[in-house]
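**Q** Chain by chain, the residues:
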Amino acid sequence: MTLKSEPFVVNLGPQHPSTHGVFRLRLTLDGERIIDADMVMGYLHRSMEKLAEERTYTQNIPFTDRTDYLAAMTGNLAYVMAVEKLMGIEPPERALWLRTIMSELQRFASHCMAIGIFANDCGAWQTPVMHMFRDREKILDLFEMACGARLTLNYMRIGGVSRDIPPEFIPAARKLMQDLPRRLAEYESLLLDNEIIVARSRGIGVLTPEEAMAYSVSGPLLRASGVAWDIRTADPYAAYDKVDFDIAVGTSGDVYDRFVVRLAEMRQSLRILEQALDMMPSGPIHARLPTATAQPGDAPVAPLALRPPVGEAYARIESPRGELGFYLVSDGGPAPFRFHIRSPSFINLSALKKMTVGVTVADAIVILGSVDIVVGEVDR
Amino acid sequence: MDDTGTVIAFWLLAVITVGSALMIVAVRNLIHAVVFMMVSFVGIAGLYLTLSADFVAVTQVLLYVGAISVLMLFAIVLTPGGSRDNAETFLRLPALALTVLLGATLAYVAIDTDWSLADRGGFTDTASAIGDALLGKYVLPFEIASVLLLAAMIGAIVLVRPEASIEEAEE
Amino acid sequence: MTAVLTGLDIAHRIEEQSPGAVADAAPEAATIVPARLGDVCRYLRDDPGLRFEFLSSLTAVDRLEYFEVVYHLESLRLNLITVIKVRTFDRDNPVAPSVCAVWPGANLQEREAYDLMGIYFEGHPDLRRIFLWEGFAGHPLRKDFLNLPGARMAGLERFPGEPGGPLEGRG
Amino acid sequence: MSVDLEHYLVVGAILFATGLYLALAKRNFVGVLMGIELMFNAANLTFVAFSRFVQSDDPLSGHVFVIFAITVAAAEAATALALAVLLYRVRDTIDVDRIDLLRW
Amino acid sequence: MTFLAPWYDLRDLGNAVQALLDRIRDWGAPDWVPYAVSSLIGAVGILLWVVLSVLAFIWIERRVVALMQNRIGPNRVGPAGLLQPVADALKLLLKEPITPRDADRILFWMAPIVIFIPTLVIFAVIPFGGRMVLADLNVGVLFLIAIATINTPAVFLAGWSSNNKYALLGAMRTIAMLISYEVVQVLALLAVVLFAGSMRLGDIVAWQQHYNVWIVFLQPLGILAYIISGAVEINRSPTDISEAESEIVAGYHTEYGGIKFGFFYQAEYMAGFAIAAIITTLYLGGYTAWGLEKWVPGWALFLGKLYAVFFIYIWSRGTLPRLRIDQLMSFAWKFLLPLSLVNVALVGAEVLVWDETGVSANVALPIIGAVNLVFCLVAVVAWARLLGHGAGRQRGRRALLTKEVGVIHFEPAEGASPGPAGIPAAQALRRRSGQA
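Chains as they are written, first to last, in the numbering used here: chain F, 1 to 380; chain P, 1001 to 1171; chain V, 2001 to 2171; chain C, 3001 to 3104; chain G, 4001 to 4436.
Rather than coming from a laboratory, the hints here were simulated on the basis of the structure. Each residue gets a CB set at the ideal place from its N, CA and C atoms; glycine is no exception. Mixed in with the good hints there might be a few duds.
Stated by the list, open to error - Below, simulated SDA-like cross-link-like pairs (lysine to any residue); rule was C-alpha separation at most 25 Å, straight line:
{"hint": "1", "chain 1": "V", "residue 1": "K2143", "chain 2": "F", "residue 2": "M48"}
{"hint": "2", "chain 1": "V", "residue 1": "K2143", "chain 2": "F", "residue 2": "G358"}
{"hint": "3", "chain 1": "G", "residue 1": "K4165", "chain 2": "F", "residue 2": "D331"}
{"hint": "4", "chain 1": "F", "residue 1": "K138", "chain 2": "G", "residue 2": "N4070"}
{"hint": "5", "chain 1": "G", "residue 1": "K4334", "chain 2": "F", "residue 2": "V359"}
{"hint": "6", "chain 1": "G", "residue 1": "K4165", "chain 2": "F", "residue 2": "G358"}
{"hint": "7", "chain 1": "P", "residue 1": "K1137", "chain 2": "G", "residue 2": "K4334"}
{"hint": "8", "chain 1": "F", "residue 1": "K50", "chain 2": "V", "residue 2": "H2139"}
{"hint": "9", "chain 1": "P", "residue 1": "K1137", "chain 2": "C", "residue 2": "D3058"}
{"hint": "10", "chain 1": "F", "residue 1": "K354", "chain 2": "V", "residue 2": "H2124"}
{"hint": "11", "chain 1": "F", "residue 1": "K354", "chain 2": "V", "residue 2": "D2126"}
{"hint": "12", "chain 1": "G", "residue 1": "K4165", "chain 2": "P", "residue 2": "V1018"}
{"hint": "13", "chain 1": "F", "residue 1": "K354", "chain 2": "V", "residue 2": "H2139"}
Stated by the list, open to error - Away from chain G, derived, C-beta distances all over 10 Å, residues of chain P:
{"hint": "14", "residue": "A1009"}
{"hint": "15", "residue": "A1026"}
{"hint": "16", "residue": "V1061"}
{"hint": "17", "residue": "G1066"}
{"hint": "18", "residue": "E1088"}
{"hint": "19", "residue": "T1105"}
{"hint": "20", "residue": "V1109"}
{"hint": "21", "residue": "D1112"}
{"hint": "22", "residue": "L1117"}
{"hint": "23", "residue": "T1124"}
{"hint": "24", "residue": "L1149"}
{"hint": "25", "residue": "L1150"}
{"hint": "26", "residue": "I1157"}
Claimed, not checked - Quick list of the computed label-pair ranges, beta carbon to beta carbon:
{"hint": "27", "chain 1": "G", "residue 1": "V4033", "chain 2": "P", "residue 2": "A1118", "range": "28 to 36 Å"}
{"hint": "28", "chain 1": "P", "residue 1": "A1118", "chain 2": "G", "residue 2": "S4039", "range": "28 to 36 Å"}
{"hint": "29", "chain 1": "G", "residue 1": "I4072", "chain 2": "F", "residue 2": "I170", "range": "25 to 33 Å"}
{"hint": "30", "chain 1": "G", "residue 1": "W4295", "chain 2": "P", "residue 2": "V1139", "range": "32 to 40 Å"}
{"hint": "31", "chain 1": "G", "residue 1": "L4387", "chain 2": "C", "residue 2": "D3004", "range": "51 to 59 Å"}
{"hint": "32", "chain 1": "G", "residue 1": "V4378", "chain 2": "F", "residue 2": "M145", "range": "53 to 61 Å"}
{"hint": "33", "chain 1": "P", "residue 1": "S1128", "chain 2": "G", "residue 2": "A4345", "range": "14 to 22 Å"}
{"hint": "34", "chain 1": "G", "residue 1": "R4131", "chain 2": "P", "residue 2": "R1092", "range": "51 to 59 Å"}
{"hint": "35", "chain 1": "F", "residue 1": "G148", "chain 2": "V", "residue 2": "G2020", "range": "53 to 61 Å"}
{"hint": "36", "chain 1": "G", "residue 1": "W4295", "chain 2": "C", "residue 2": "D3004", "range": "17 to 25 Å"}
{"hint": "37", "chain 1": "P", "residue 1": "D1132", "chain 2": "F", "residue 2": "R26", "range": "53 to 61 Å"}
The following block holds chain F by itself, in its conformation from the complex (with noise of 0.2 Å):
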């Protein structure tokens, strides 16, 4: 293949199986080599931006399950948490704590699938995934314990959080975390040291810390690069001031980084989760919202009309993909004005082209996967 050739263009996708979904990666090849990348998507715009704007505040949580759907916990928390601020609302405590712990368990859940699908692109044959499914299963149970949903929760609420936990759910995740621990080992020793996924996944996509920060990527991929900037630390929201946990960073910020960091940050989780259910304070999970303020005279308002002040909020937190923020303008009316989702797999493809041309196919896709776009939050 070191035959100079006529440049070719290949569509990998929109129907592909490593591209995530309908995604499309129009590449010119000179052999097997990529000389220029091209991103298409849009296959799967629903315009939520749109659609939200028709929508009241509350009515618009469950798209925010829709658009990363892998990680539906960080997407609606994010976007209550726009809403709160924009409302000035306080979450009671425990509402807090129960949600460090569904959006650690969800980041876990989508490490999980990123990694597996990973180990997929780097031509694992379904086995790694598998083993990873068998996890991401489990912290779904909880889930589904907690809010009876496993895929699109909708769990979070303006100013707290849908329902309590049942009473079986801590004891439940208890053993759970008995049993993660363990596992997460068998899937260090299964792939970190092996030699093929290193070989394939070392000195691949890198990015510098500077180039992961002018292309504005977020998440795993900016702290691979080496740049220590968790939101969750830096900004701390919810609960997570309150408890102690590292930061992973990665040395190189090549696609194998990307990996170790993302398994060490499911480590973290873990950490994360073990304090949290120590601490978790009882009381109330939702906060007064200031919705029934009928003017006098007025007919009575809709019940769930929450009508946020004019102004405009941005919220941001860490969601398992990078940096995951909603941006809300509000008119007073009760559907938000303009709803903007900052989504980080839109953006952390912004240096795909940078870190796919001059590879092979086989290296794009690896990186591809290391970026690891959900299509729903890509196209929106």
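Based on the hints, put chains P, V, C and G in the right spot on chain F.
**A** Same frame as chain F, now just chains P, V, C and G:
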């Protein structure tokens, strides 16, 4: 050689070989022509077998079908802008005349000449005998052939080296 | 905790650095004069006291009278966050300067804003639609993209049972 | 009915003639090369046939010749196809008609 | 039923066939009849066995890989899902045979058939038992190699005629791979031929039986090289780059559906069996097992070994990720090829010395085995180190935690100079690596 099996095999293989050789001339698509050439080569390998030359037959399949044809396919694919058709140049008629003449002459000579035939029967174990000959009587040609192969390999590599690396080498 | 540089703070600093660059300053954000945006962004990125090297989010808002491009900037080194805005008043041909040269990460986000809000980013290397196909009529996130029957603009103004809603008094 | 030396020689002659026609008349470089290979094969076939049928002290020398011929053919094919690829790269064509300048 | 051999003759089904042939000859049939009948019996027998084995192993592979993946595997069709392969085959048969509009129709239809033939023909020279061989050619080993190369143009035709870019990429990859690993394969087999002094497979098995030693003990490096290049030939992970699902969908047979895909699928399994059969015959003593063949039918031993070898490929498929094409190519050219060359030279020297000194086999073979084992271990490790691989250097990194690189304090730095914050982690790391 007059046992029925061999006779049937010969005629079958001869028809396949010659037929597909003629098809190389006839078909319009270059890739199809290469495919017919492969069939022709396999037919020739079969003919070798009827001549009890098993080592040569297997070598024929290994090198002509497995290597040279594939090289040709590669060359066709690597020159995508080149014409993929199998057309003739303006020399078609003279070439045809010359070819027919030559073929007729050769056939006539083959049939007319009184070859000093000797029916010694088929060979039994050609591989070891050829091996002995190559490393005994023919050891010098053998070495020269290996040098030739090396030279051809280096030459091919040098020819298709990307321009950039040539410039680098010159610098 | 991240320190929030309010619009007033940042406007003050920008004004010190390049007078006349700030068009308007509010607690939420500082609004920059479009022509000066490149300089201001470079200043925000490179100033050792700010180091806004991370363009967190770039989006556009249709404020009916004008379009607003909103930049959320983060400084990872100093743990700061701030918001700047650019306004463009031409509804038919809204133009804003591109910040791709300052933050390459703006590339996709500017394409998104162009696609959905129709703001033309001057100086963008490859301004094409990103989610919708070329030839899609209009820009869906504009408030007047889909005027509903009865001259009502898209957007939820009243609940059916609320005063002013279609089912007023029956709720 | 029997199969004798003449049969093989005639098959060889036809193959050789076909190969010659291909080499002379085809426009495409690969076509020409196919003709050359076919001629090689025709010659090889006659070698093996002679080796089988004709009086000789060392009957297997025909086979040895064929082995050498195949070797040379392989070398020749590799070089020629490398030339074809190079020609294509420089001249954007592998039509032998258009490669008549004796220079790149 | 006199032509059926007594039970002990079932140790070699060739005896039963012979009895049948004698019977036919007794009836006064012309000479070619027994010849034709025996060929027919052999061919049909091999075909039946291959098809049944493939069906069985589709099920076994799916169940085994499912076991490795915490799944159950096929369990709906028939008891324990045993009929799943049959159902799959029926489905493939009944599917509409779609030909892409711009495909080269003739070649598109021809390719699956062409790819089917060589894999089947290989079994003709494999000795399943002492007399259970369809055609014991005296250039058997060379025949195996030659027939296997026919795969190459067939794969190319499949990829090219589909008029699909993935297919073409897959075909180009396959050809590059096959050509590279063929060299390794030839060298590996050459060492075996040097020992046995014959290219006839029956002779090689007889040699192993005579000296009571499997060549695997004399050729540890050879069997490693052969297993790896076999994996390349049958597209099993970690070398399945020619149909790498996550990269180029299905490689050269992306456009094939229905029964044509079934042909490729079947041919791939058959090629797997062929490789396993070759390994069994050449390295694992074929149908012999240190005298056990007196009690157990030779063909049963042969099949047992064959399936065991094939199991390795199933195992690797369920376990290993895939290498990149350039890594695989450089593995062939930089690693396996030099080692195989040295191996051939070593074996040649050993055989020469053995011949010249005339030491008895009881002394010579253990020495040769020990020398080659040591050579294999030393050469592999040393060469890997030399090429920059090996335990220490290729070990995975771990992520560094903030507590290791120093806790990062996020101070709200109102107008302050760059303080300790995000970036210093990277700087600290650089310092660390600079020191190390």
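**Q** May I ask which of the numbered hints given earlier this structure violates, with the numbers listed in increasing order?
**A** 2, 3, 7, 12, 13, 16, 17, 23, 30, 36
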